[in-house]
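Asker: Listed below, chain by chain, are the residues.
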Amino acid sequence: DGGITQSPKYLFRKEGQNVTLSCEQNLNHDAMYWYRQDPGQGLRLIYYSQIVNDFQKGDIAEGYSVSREKKESFPLTVTSAQKNPTAFYLCASSIPRSGANVLTFGAGSRLTVL
Amino acid sequence: GIQVEQSPPDLILQEGANSTLRCNFSDSVNNLQWFHQNPWGQLINLFYIPSGTKQNGRLSATTVATERYSLLYISSSQTTDSGVYFCAVEATTDSWGKLQFGAGTQVVVTP
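These protein sequences, in sequence, are chains A and B.
All residue numbers for the first sequence refer to the working numbering, where the first residue is 114 and numbers rise by one.
All residue numbers for the second sequence refer to the working numbering, where the first residue is 12 and numbers rise by one.
FYI, nobody ran anything at the bench for these hints, they're computed from the structure.
Ideal Cβ positions, reconstructed from N, Cα and C, are used throughout, including at glycine.
Watch out, some of these pointers could steer you wrong.
What the hints assert, rightly or not - Heads up, incomplete: computed chain A residues facing chain B, CB under 8 angstroms, no partners named:
#: 1; residue: L156
#: 2; residue: V215
#: 3; residue: A220
#: 4; residue: G221
#: 5; residue: V226
Produce the entire structure from the sequences given, and follow the hints as far as they go.
Answerer: Right under this line is the structure:
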């Protein structure tokens, strides 16, 4: 079955450590996204990538970094510069059909910084 | 950037009841989607509906793009409908792919 796999599902880290969250998709989608969700709030866009080797900052990119070396993979690194990294992180992918851009989401990664 | 407001923020329903969720947006859009987030955090796309009306089982949605709002209707609600419903939009003035989410409507359906 095609889908998006995020790992790990839960992650605990000490303050000041960098953390990398994995996102892999086998849907053959061109575009991939990272969103952050805080309790009781909507999703905020961190980074997105329309094609391999290209990505754009979203609304809250500070303290995060990404790479897109393969179509299937879009890892997110939460750096020590991110002031409040504890959150639920969601990866998504999409492929435009006649202009539509419908997102498919992974199950999410919950990061807790101690 | 575009503003997205959802109402009501919370909704408690008895099983079998009908409800309407609203999404207002501040600018012209070329993309509007409704999502359901289950209690475990998984987001599922319900509708892609930048304009017009669509139905899928007990759910239906209507977007009036000229008046900048969309409505999601839940009929004969079931406990499995519980969760958070999000509206997400992409402004025509934004770069491709920048979907902005509202704060969501938390729905609880009681037996």
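Asker: Next, verify each hint and record whether it holds.
Answerer: These are the hints, each one checked on the structure:
The criterion of a C-beta within 8 angstroms of any C-beta in chain B is met by L156(A), whose closest approach is roughly 4 angstroms, and the hint holds. Taking 8 angstroms as the C-beta contact cut-off toward chain B, the hint placing V215(A) at the interface holds, the least distance being around 5 angstroms. Of the supplied interface hints, the one on A220(A) holds, with its beta-carbon coming within about 5 angstroms of a beta-carbon of chain B, less than 8 angstroms. Hint on G221(A) holds. Least Cβ distance to chain B is approximately 5 angstroms, under the 8 angstroms limit.
Interface restraint check for V226(A): the shortest CB-CB distance to chain B comes to about 18 angstroms, outside 8 angstroms, so the restraint is violated.
Checked against the numbered hints given earlier, the structure breaks only hint 5 and satisfies all the rest.
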